[in-house]
Amino acid sequence: MKMRKFVALAAVASMLIGSLAGCASGAAEETAGGAAAGDDAIQNLINATTGTVSLTVWASEEDQAYTQGLIDQFIAAYPDVSFDIQLGSESESTCRDTVLTDIEAAADVFAFADDQIQALVDAGALQPISAYYTYDVAAENVAGAVDAATVDGQLYAYPMTADNGYFMFYDSSVFTEEDVQSLDSMIAAAEAAGTKIGMDLSSGWYLYSFFAGAGLEVSLNDDGVTNTCTWNAAGGTDVAQAIIDYFGTGVLVNMTDDEQATAIANGEISACVNGTWRAETAEEAWGENYAAAKLPTYSLAGTQTQMSSFSGCKLIGVNAYSDNIGWAMLLAEFLTNEQAQIGRFNERGLGPSNIAASASPEVQANPAIAALAAQADYATPQRVGGNYWAPSQTLGEILASGNPDGADLQTLLDTAVEGIEAPVA
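Position one of the sequence shown corresponds to residue 0 (numbering that gives the first Met the number 0), numbered consecutively onward.
These are computed hints drawn from the structure, not numbers from a lab.
Keep in mind that the hints are not guaranteed to be accurate.
[Claimed, not checked] Once the Cα atoms are required to be at most 20 angstroms apart in a straight line, the calculated EDC-like pairs of lysine to aspartate or glutamate come out as:
#1 LYS195 - ASP256
#2 LYS195 - ASP257
#3 LYS195 - GLU176
#4 LYS195 - GLU61
[As the list claims (entries may be wrong)] Pairwise CB distance ranges (calculated):
#5 ASP404 - ASP101: 51 to 61 angstroms
#6 ALA406 - THR227: 20 to 30 angstroms
#7 GLU267 - ALA358: 27 to 37 angstroms
#8 THR51 - GLU279: 18 to 28 angstroms
#9 GLU287 - ALA75: 35 to 45 angstroms
#10 TRP388 - GLY50: 47 to 57 angstroms
#11 GLY348 - VAL423: 32 to 42 angstroms
#12 GLY214 - THR414: 13 to 23 angstroms
#13 ALA47 - ASN288: 54 to 64 angstroms
#14 TYR77 - ILE354: 47 to 57 angstroms
#15 GLN303 - GLY68: 39 to 49 angstroms
#16 ASP96 - SER129: 42 to 52 angstroms
#17 GLY385 - TYR77: 40 to 50 angstroms
#18 ALA47 - ALA364: 28 to 38 angstroms
Backbone N, C-alpha and C define an ideal beta-carbon position, used for all residues, glycine too.
All chains, please: the whole structure from these sequences, using the hints.
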């Protein structure tokens, strides 16, 4: 890193702090007349701007047209400022690797998957969000998305979507809205109708829902590669036994995503735990009876316990090395505000992270997205190291098959946790 870059950043940071001072403590809601609480800060930014504001934005190939439209609106909103904003294509899934190749040459504003945030923060690539211009990022997005954008208590990115998670799809001719509140009721209704419920317990992505619901967590350590897991703590064997009992009914069945797709189409299952990518399959099969809800509760040692879930988000970050950090942050807000998220849902079907956008009529009319929004209160961002997946898969398969070897449950959990927490060579 060049010394002159440090000097430039210090100057930009000083300017930014001054321009945001008027809005850092105020609400970001629009007034009745349409003016935002951050207007003074924005005017300060405009007054401090000389020459052309040059910015580069990276968005996925699928999001190019919509993002360009938002950029055009942003430019039109500030007619007294000369902008040169260039849009480039970069997948959210590969953004981290591209940024870290040369942070200073990377885009000023870029979209990325939330599981990349730790590496970007560790490399100093992301500008911390300690103040805002037009809306309070932490207050206006669902908690899971804010958590996904936060590292060590500091917000580093702007949530853009919150639709990579799972919930319950169901055929409403088999299950009532009351039935789907409880896994016990769902199993009773499915059994009476001669049908089944699918869930992939061969994946730690879904197995997590039972343990986390009981308050037994798995998390990524500060080293960014190893895990801490409490599944073998007090109450863990109760969770394991509950899973064995539920899958032992023969009504809740262990199925991969592809197997669920086939089973939905041929009528073998009438409900499943899955994500938005399976919505079209369910809607085609169940027609007007297609419905979705948050995950149900399950019986844990005699107590109804809400199932949790992993969640995933897409985020927008601002490059800490941007020569126009103030404008980059304002643009990032614009690309992720309530209206932008509603528009992104309408254009591309992506689930909002913004609370008001999630509650909008457009979003609530979509069963899958509405169910995902309801599940968000019980979801946590996926933050696990690579050693999580194989042991959790093995554990899930053993429990779903009824623990056929009759292994001691505590020993099973201890073995799984040992593998999950194993050091990385």
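Practice task
Can you let me know if the beta-carbon spacing of GLY214 and THR414 is within 13 to 23 angstroms?
Solution key: holds (21 angstroms)
Exercise for the section: Using the beta carbons of GLU267 and ALA358, state whether their distance is inside 27 to 37 angstroms or not. Expected result: holds (35 angstroms)
Problem - Pairwise beta carbon distance, ALA47 to ASN288, judged against the given window 54 to 64 angstroms - result: Given a distance of about 58 angstroms, which is inside 54 to 64 angstroms, the answer is holds.
Problem - Cβ separation of GLY348 and VAL423, checked against the hinted range 32 to 42 angstroms - result: Given range 32 to 42 angstroms: holds, Cβ gap about 37 angstroms.
Practice task
Compare the distance between the alpha carbons of LYS195 and GLU176 with 20 angstroms, and conclude whether the hinted pair is satisfied.
Solution key: holds (17 angstroms)
Practice task
Go ahead and decide if the range 47 to 57 angstroms is satisfied by the Cβ distance of TRP388 to GLY50.
Solution key: Since TRP388 and GLY50 have Cβ atoms about 50 angstroms apart, the given range 47 to 57 angstroms holds.
Handout entry: Range agreement (Cβ of GLU279 with Cβ of THR51, hint 18 to 28 angstroms)
Key = Violated, since THR51 and GLU279 (Cβ atoms, about 45 angstroms apart) do not stay within the stated range.
Practice task
With 20 to 30 angstroms as the target window, see if ALA406 and THR227 comply at their CB atoms.
Solution key: holds (24 angstroms)
Exercise for the section: Would you check the hint for LYS195 and ASP256, treating anything up to 20 angstroms between C-alpha atoms as holding? Expected result: holds (15 angstroms)
Practice task
Using the beta carbons of ALA47 and ALA364, state whether their distance is inside 28 to 38 angstroms or not.
Solution key: violated (44 angstroms)
Exercise for the section: Kindly confirm whether 35 to 45 angstroms is satisfied by the beta carbon distance between GLU287 and ALA75. Expected result: holds (42 angstroms)
Exercise for the section: Measure nothing beyond the straight line between the CA atoms of LYS195 and ASP257; if it is 20 angstroms or shorter, mark the hint as holding. Expected result: Roughly 16 angstroms between the alpha carbons, so the hint for LYS195 and ASP257 holds.
Hint check: violations occur at hints 4, 8, 14, 16 and 18; the rest are consistent with the structure.
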